[in-house]
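Chains A and B, in that order, are what the protein sequence lines are.
In terms of this note's numbering, the first sequence has 116 at position 116, counting the first letter as 1, and numbering is strictly consecutive.
In terms of this note's numbering, the second sequence has 161 at position 161, counting the first letter as 1, and numbering is strictly consecutive.
Calculated from the structure, these hints are not laboratory results.
In this text, all values refer to a predicted model and were calculated from it rather than measured experimentally.
Hints are supplied without guarantee of correctness; some may be wrong.
[What the hints assert, rightly or not] Some, not all, of what chain B presents toward chain A, calculated at C-beta under 7 Å:
no., residue
1, 136
2, 141
3, 149
4, 151
5, 158
6, 357
7, 367
8, 369
9, 380
10, 381
11, 465
[Said to hold, decoys possible] Pulled from the structure, derived: some chain A residues nowhere near chain B, Cβ distances all over 12 Å:
no., residue
12, 73
13, 76
14, 92
15, 100
16, 121
17, 283
18, 303
19, 306
20, 408
21, 410
22, 423
[Claimed, not checked] Pair ranges (Cβ atoms, derived):
no., chain 1, residue 1, chain 2, residue 2, range
23, B, 262, A, 328, 42 to 48 Å
24, A, 77, B, 108, 42 to 48 Å
25, A, 304, B, 172, 33 to 39 Å
Note that CB positions come from ideal geometry on N, CA and C, so glycine has one too.
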Amino acid sequence: MKTLSPSKKSSTGRVGRRGFLAGAAAAGSMVVLPSGTKLAFADPNEPTKGDVLVYLFLRGGADGLSLVPPVGLPSYYDLRIDGSYNIAVAQGDALSLGALGATHPDLALHPAMAPLMPFWNAGEMAIVHAAGSPASLSSTRSHFEAEEVWERCGRQQTTVDGWIGRHLATSSDVSGNLAGISHEQRIWSAMQGYSKSLAISNIYNFDIFGYNDRSSARSLLDALHGSAGLVESEGQDTLDAVNTIDSIDFSAFSPQNGAVYPTNNSLANELNQIARLIRANIGLRAVTVDIGGWDTHNDMGTPVPGQRMYDRISRLAVGLEPFLTDMGADMNEVTVIAASEFGRTINVNGSGGTDHGRGGAMFAFGKGINGGIYGGFPNVIEDGPEGDLVVLNDFRQVYAEIVDKRLGNLANMATVLNGYDPGGSYLGLANTL
Amino acid sequence: MGEIAAATPSGWIEQQLNHAAIDDSVIEGVVASYTTLTNTAAQNWAVLQADGGQTRILGEVMHANFLRAVYSPKHLYEVMCDFWFNHLNIHLFGNYSFRHHTAAYVEGVIRPHALGRFTDMLAASASSPAMLAYLDNYRSNANSSSGVNENYGRELLELHTLGIRDGLHVYDEVDVRNASYVMSGWSIDTSADQDVFLFRENYHWRPAVTLLSGQWSRPDRTGADAATLQADGYSLLSFLAGHRSTAEYICWKLARRFVSDNPPEALVQRLADEWQATGTDIAAVMRMLLNSAEFASSAGQKVRRGFETVTSYMRSLEASIDTNPVGLASEALHSLSWYEGVLERHGQRLFSKATPDGYADTGPEWISSDAMLRRWETAGRLANNELADDITVDPNVLIPATLPATMGELIDMMLYAATGAAATATERSAYATYLGVAESDPAASHPFGDAQLLADFAGLCLSRPTFQYR
Numbered sequence: 001m002k003t004l005s006p007s008k009k010s011s012t013g014r015v016g017r018r019g020f021l022a023g024a025a026a027a028g029s030m031v032v033l034p035s036g037t038k039l040a041f042a043d044p045n046e047p048t049k050g051d052v053l054v055y056l057f058l059r060g061g062a063d064g065l066s067l068v069p070p071v072g073l074p075s076y077y078d079l080r081i082d083g084s085y086n087i088a089v090a091q092g093d094a095l096s097l098g099a100l101g102a103t104h105p106d107l108a109l110h111p112a113m114a115p116l117m118p119f120w121n122a123g124e125m126a127i128v129h130a131a132g133s134p135a136s137l138s139s140t141r142s143h144f145e146a147e148e149v150w151e152r153c154g155r156q157q158t159t160v161d162g163w164i165g166r167h168l169a170t171s172s173d174v175s176g177n178l179a180g181i182s183h184e185q186r187i188w189s190a191m192q193g194y195s196k197s198l199a200i201s202n203i204y205n206f207d208i209f210g211y212n213d214r215s216s217a218r219s220l221l222d223a224l225h226g227s228a229g230l231v232e233s234e235g236q237d238t239l240d241a242v243n244t245i246d247s248i249d250f251s252a253f254s255p256q257n258g259a260v261y262p263t264n265n266s267l268a269n270e271l272n273q274i275a276r277l278i279r280a281n282i283g284l285r286a287v288t289v290d291i292g293g294w295d296t297h298n299d300m301g302t303p304v305p306g307q308r309m310y311d312r313i314s315r316l317a318v319g320l321e322p323f324l325t326d327m328g329a330d331m332n333e334v335t336v337i338a339a340s341e342f343g344r345t346i347n348v349n350g351s352g353g354t355d356h357g358r359g360g361a362m363f364a365f366g367k368g369i370n371g372g373i374y375g376g377f378p379n380v381i382e383d384g385p386e387g388d389l390v391v392l393n394d395f396r397q398v399y400a401e402i403v404d405k406r407l408g409n410l411a412n413m414a415t416v417l418n419g420y421d422p423g424g425s426y427l428g429l430a431n432t433l
Numbered sequence: 001m002g003e004i005a006a007a008t009p010s011g012w013i014e015q016q017l018n019h020a021a022i023d024d025s026v027i028e029g030v031v032a033s034y035t036t037l038t039n040t041a042a043q044n045w046a047v048l049q050a051d052g053g054q055t056r057i058l059g060e061v062m063h064a065n066f067l068r069a070v071y072s073p074k075h076l077y078e079v080m081c082d083f084w085f086n087h088l089n090i091h092l093f094g095n096y097s098f099r100h101h102t103a104a105y106v107e108g109v110i111r112p113h114a115l116g117r118f119t120d121m122l123a124a125s126a127s128s129p130a131m132l133a134y135l136d137n138y139r140s141n142a143n144s145s146s147g148v149n150e151n152y153g154r155e156l157l158e159l160h161t162l163g164i165r166d167g168l169h170v171y172d173e174v175d176v177r178n179a180s181y182v183m184s185g186w187s188i189d190t191s192a193d194q195d196v197f198l199f200r201e202n203y204h205w206r207p208a209v210t211l212l213s214g215q216w217s218r219p220d221r222t223g224a225d226a227a228t229l230q231a232d233g234y235s236l237l238s239f240l241a242g243h244r245s246t247a248e249y250i251c252w253k254l255a256r257r258f259v260s261d262n263p264p265e266a267l268v269q270r271l272a273d274e275w276q277a278t279g280t281d282i283a284a285v286m287r288m289l290l291n292s293a294e295f296a297s298s299a300g301q302k303v304r305r306g307f308e309t310v311t312s313y314m315r316s317l318e319a320s321i322d323t324n325p326v327g328l329a330s331e332a333l334h335s336l337s338w339y340e341g342v343l344e345r346h347g348q349r350l351f352s353k354a355t356p357d358g359y360a361d362t363g364p365e366w367i368s369s370d371a372m373l374r375r376w377e378t379a380g381r382l383a384n385n386e387l388a389d390d391i392t393v394d395p396n397v398l399i400p401a402t403l404p405a406t407m408g409e410l411i412d413m414m415l416y417a418a419t420g421a422a423a424t425a426t427e428r429s430a431y432a433t434y435l436g437v438a439e440s441d442p443a444a445s446h447p448f449g450d451a452q453l454l455a456d457f458a459g460l461c462l463s464r465p466t467f468q469y470r
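So here's chain B without its partners, still in its complex pose (with noise of 0.2 Å):
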């Protein structure tokens, strides 16, 4: 995110925004060595269930989206990515049965669409078996005695388009049972441990249905073919995307995830503009986000996330990684742990928020006590090289090549080097004490040949206050 706020030029923004043209064959060419990622179900189905699969499957879509995130030149997609998923939420933790999906809902749901069409994004996650599986969709059955389960109806008005904000939102829970009916049968065929979607026409309630006082609705489907059926869903879908509702809460988010945590209304009320003029055109409305005055004076006003936080020291370390998660030779250094230790201690395992509304977003979500530690630890066990075995970092990428004048001098391009910000008076004072080291002695005495000590400086410039906003 640095990169974003230090380039504002158009340039870069529509560099980024056309970002199938920016060339990152070098991390997909990582990236296309983890299989898991583009088999088809009943593949991964079988991987889940043999010696070690449950480590590959989980391991290789979260690796390969960290190594993304943390190596790819589309920032802005990485981003988009991360928020998307985020949106749509689902859990990589999930009911077992259902873990060899996580992989086909990144790849095949959120990445071809996160600066694409967000009525394709929302079509493509409802008949997607993952999301059909954590939100029960699958089996919810219009006319068994008991009735439709109402689970994924409600956070598809909720969480995934007409939203809540402050306690206000337009629907009510008529609509929510209705959007349920209109919605069941959309399943999955787990007859072949293949998990495919299946619209399941038995399932489906035919009677009249309508939303938000008439402004959609459907006649009583009686004696209607499935296509007929199905296509309510997806004419539903297509009409919560573009609603008005829908665009104020999305720009909303939008606007708090990439200016403040209580971002401009002027500036919502313009995207979500944008958003219905465009056809749910996500990468209009960026552009105009990236574009705007409120973003160009945003710098500093976001907390990073606990993800953000763990990748942002990586760039700055310029951390090399081992890009095999469970190759034949290193699958015992690339269990799970890593991101169980490490991205848990932040709060933010990847694709393992348990509950659909996502990582929060605000700044009090991301820092307290516990948050402080562990952003100081992480730094401090990166730059000594003990964050992980496969992470390795060399301190130095932090001295410049030719030594400046002065220690002073040193300690402002160091801290530079590492978080993009030049110190404070106070910081350069502070850090020269810690040194030991006067700011006015020659740079060419410093005390980087020990190399514990420089681990350790380098951990703690990137401990930096200023460094944990973006």
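Extracted from the complex, chain A is given alone in its bound form (with noise of 0.2 Å):
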């Protein structure tokens, strides 16, 4: 019932800046529609609008020295070998960041890291370590507590939304009923906030079923559900939803430029519906995903492949590597944040492995982005009182500038980042839109 070109930049030939959107809304309008569908397609997209967020989240506390180890300090090797465990990366061992590295020459990459260098070298991967959330917003070390910080930029119960809800709220790109997804069964604390965030945890099944005329069901359903009360109006958002989603096959949407996602690893199952969201211009733009397993308490192991931490990078690596190279040269409309609610103390416990700590690392993705490490990180780790990496750089500053440079709402700073506006002086990891 439907068609669309899958190589729609090679039909049009376009490939300026804002080409793959504009491309996607040509191929848009080739959809055939059953007569008298809702349909609510986002306005035609235009090269003023922002990127496309996607919002990754590395549940449990990631382990930023593991991720971007600071294998030029002497201290971390004193304090990641102790005893019968040896949880450091070797300097041998790790990724070189080169030349566009050479503001942090004590900072490299995990080996585990190697299928994203690629974007690194390209000058489209930004890495801000020492990061999190200041102690005057919180310095809690609790998982849940802290992802509530990063998620809202406040705490759970007084700050009631989340930092891409209310960019979506008020962002001046949103339209159509598909703007926000969180690509898992519930709505994310950040996408709260806006009306019409939803949660799809799998574009394949969107669907009614269980009933055998789904047809009246769906319109009985759409009777009962209405504007008043959770459950009501978050069922007539559903319902609105299906009816678009129904209409596409996402099939068409393919992988480009050579991207292979492993079926094996879930994160890529994730990004490669997330890629086809993006490509079926249905408005989509902000999306949230997770990879869990991070709170590594014991057992961390060597940077080889088998031992915990390393494979659990790879499955970070290996599952996002495919996205980006899928997007392709339309990551110059698609920003990446890959986040985690804190780092991990220095000190290798006595499991092997490390506890909640404050400062961690954190990345940004795309076109848009300028490669490149930033902010501080000090020149010698301690292992201080409460055994962490300080937070050097609050990370609502990658935030403030994802949200000018790259999503076009400067206007609406202050509310997005609930009340945090840092005026126009950023870290420069992004480039104005």
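Please dock the two separately framed chains into a single complex, following the hints provided.
If you want it as structure tokens, here you go:
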């Protein structure tokens, strides 16, 4: 019932800065819809619109000192090698960051990050280390509290919505009913505050099932749901979204540029769907996705395959690489932020792992990103009173720069970031739209 | 939960609180055949390693507690068991080497104390191999060069006792470390693959320890014997269980479960007073909560969570279920797919929250577009007997034995039978349109002779928005 050109760029010959969404809009006009279908595509995408934001969260407190080890600091080895445990990344094993990393010569990448090196070398990957929540906002080492702080830019009960939700609620780019999606069963805290935020865990089964007469069932459900009440309004939004999602043949948006999403990697599977959602030109502006398993209290191991930390980082890099490859030139309209709720203690603990800490590593990817390492990092890492990497870089600095330069929502900065506004003073990790 | 809201008379509450006197011999008779629930750790270790053993170990504990949730007459008690498991959460699908402890954790730690004293439950949890493994305390060695593992110590303060409410907590990082010191040495004897509790004296931190600015302390224990060192741990657990911050935090969670996502603080304070006055007597606190005006006016304020959605659907349609999860004849029938399918789709596979905070308990966490589709889908599949091979319903149970005069009245009666609440005029009209009838048509002309239509209609009764609340 619908046909879409999978190779829109070659068919239109448009490779300009906003080419792919313009191309997709043209392709979108080829969608054949049954008459009477409620369809609320976004306005035709324009070059002035902001990026699609992919917010990738590493749940569990990812160890920034493994992801981006300070191999130039002897104190790192003093604290990561202790008794029978050695969880340090040796300088010879780490991936050198070369000229782009010259501002922070002590830092390198974990060897399992190798699949992402092409994007680093192309200047499309930014790193902010020692990133976290300043004590004035929250110094919690609780996973659950810290995740809320990152997602809401505030505490759970005094801040009822999330930073992306507030962006979507105020952005002039947003229209239609599919602008904000948590690629999960639940809507993230980060997405709350935008009334049409959706949870779609799988685009291929986002439909009404379980009834002999699905069409009549849908009509009755439509009559039963409305605008008042949590369940009633979510039901209505769901039915509206089903109508749109149902009309799209996602198989038409096959991976580009030779990208191969490994089927045994759940992050890759999710990003494969997200790429299709972006290409379907349904007005998607922001999507959240996570990868768990970072709460490494024990047995982090050495940086070789089969060891816990290596395998975890590998799943991240192997899962993210095909998305970045697939989107290719279209990454000039997509920004990926990867973050975790906190870093971990510097000193290896009595189980070969690390406990909850403070500063961690944050990443941004995209053609609108200036490759490099930004913000401060200590000259010596010390096992201080609380045993962790200090927070030198407020995570909201990264959000703020992206909100302004990539999402085009400077006018609502203080709203989006719950009162935080650096007044135009940025780290410099992104280019203006 | 519908039953609780519908029957607030204190007599019903007392009956439910005195759960030991409720006859649940039918359901417990079924569960008694699941021998892994009562096996020793050594026996279950042997089961785990046998062919099909993992399916049996995991399947029996999940299935037993799923059956209890649907069929036990001890409604309140089963709800409390669910609450406390999530409060002191472990992960069924965690480390393979410790999966054989899950049943003992449910049966021996949570269920005996679910309406008993919290202090006792906390102590049982702290010394259980399942918890010791889940939060790494069994390996926490204060005398190794790298020191304690503070995973358990942190969650003990943050999640199990003192708590965090809106970012506020009474403990600090030094307290986390010191709690980890006091609990160091609480470990497991893994030498015989039986994994029984073992206090490892040589792992224990012996210097003096102080918590919460001196509210709890113990002196330097150089030279003290193991019994003394372990008693310090029990002393700390007891102190924490009865602390005002614990009382407020847990009573807030209880009120959030039973009353509303943002429970009245005055109620929380009254409950916390009772918690402390009774020495953490859970039944006493629940008596006060269930008799409160706040609870009486709470109907319809809470969204059913994923698990409750499935069990409430089954109760409404009086589903029958094959009770032998891994019997020789039906092992294939009861692969774990049932749970990994239906409950996973609803975001609440039993005993399977990987993180120690347990499943969420507020509406927005459970209501999303994905959740709405699954709620409608499960209702339809259940009514059409397509949910699982071993679950059977007959949607004819919704049709009253004596038909009323009109279709409008019949729709009312069937919606009430399915969901326990009367239809609004809008709903009645919508369901009539769906059936292609006029409300004034005679009920005797109903179209439910069409079994597929009846099944779909039954599923759509369960899908009614108000039934997603409790």
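Consistency of the hints with the structure:
no., hint, verdict
1, 136, "holds, 5 Å"
2, 141, "holds, 4 Å"
3, 149, "holds, 5 Å"
4, 151, "holds, 4 Å"
5, 158, "holds, 5 Å"
6, 357, "holds, 5 Å"
7, 367, "holds, 5 Å"
8, 369, "holds, 4 Å"
9, 380, "holds, 3 Å"
10, 381, "holds, 4 Å"
11, 465, "holds, 5 Å"
12, 73, "holds, 19 Å"
13, 76, "holds, 15 Å"
14, 92, "holds, 24 Å"
15, 100, "holds, 35 Å"
16, 121, "holds, 35 Å"
17, 283, "holds, 15 Å"
18, 303, "holds, 19 Å"
19, 306, "holds, 16 Å"
20, 408, "holds, 26 Å"
21, 410, "holds, 29 Å"
22, 423, "holds, 26 Å"
23, B:262 <-> A:328: 42 to 48 Å, "holds, 47 Å"
24, A:77 <-> B:108: 42 to 48 Å, "holds, 45 Å"
25, A:304 <-> B:172: 33 to 39 Å, "holds, 38 Å"
In this structure, every one of the numbered hints holds.
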